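Chemist: Construct all of the structure, not just a fragment, from the sequences and the given hints.
For the sequence shown, UniProt numbering begins at 1 and goes up steadily by one.
Just so you know, the hints here were simulated from the structure itself, not pulled from any lab data.
Hints may contain errors.
[To be verified] Subject to a maximum C-alpha distance of 30 Å in a straight line, what follows is the list of computed DSSO-like cross-link-like pairs (lysine-lysine):
hint	residue 1	residue 2
1	K84	K16
2	K16	K2
3	K68	K78
4	K38	K68
5	K84	K73
6	K16	K42
All of these numbers come straight from a predicted model, not from anything done at the bench.
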Amino acid sequence: AKKYGIRRDANWYLLKLQEEMGELIQSYLMMTGRGRQKDKTKEQITQDFHKEMADVFCHVLLLARHHKINLEKEVEEKWLVWNKD
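Modeler: Structure follows, in C-alpha cells:
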C-alpha cells in the first residue's frame with residue numbers, strides 16, 4: 001500500500017471487502033452456469049470460488065481488526081447463544 005500511495009482507512013477496508021464480494025459472486029455465477037466460463041475448466045472455476053471465499057473471509061478479518069472488533073466475542077454473543085450452558 002505504501003509503495004503505491006494507498007491510504008488504508010475505514011473506507012478502504014469496507015470497499016475492498018465489497019470488491020472481494022464482487023469477485024466471489026462472479027466466481028459463484030461461473031460455477032453455477034450463470035456467468036461466462038472464460039475458458040476455465042469446472043475445476044479451475046471451483047478452485048477460484050474457494051480462493052475468493054478465503055479472500056472475503058480475510059477481508060472481514062482485516063475490517064474487524066481496523067475497527068478493533070473482537071470477532072470471537074461477537075460470534076459467541078450473537079451466533080453461539082444457543083450453545084451456552
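Chemist: If a hint holds in the structure, say so; if it does not, say that too.
Modeler: Hint check:
For the hint pairing K84 with K16, the CA-to-CA distance comes to about 35 Å; that exceeds 30 Å, so the pair is violated. For the suggested pair K16 and K2, the alpha carbons sit about 16 Å apart, so the restraint of at most 30 Å is met. Proximity of K68 to K78 is assessed by CA-CA distance (about 17 Å); at most 30 Å being required, the pair is judged to hold. With a C-alpha separation of about 39 Å, the suggested pair K38 and K68 falls outside the 30 Å cut-off, and the hint is violated.
At most 30 Å may separate the alpha-carbon atoms for a hinted pair to count; K84 and K73 meet this at roughly 13 Å. Using a Cα cut-off of 30 Å, the hinted pair K16 and K42 holds, with the two alpha carbons roughly 27 Å apart.
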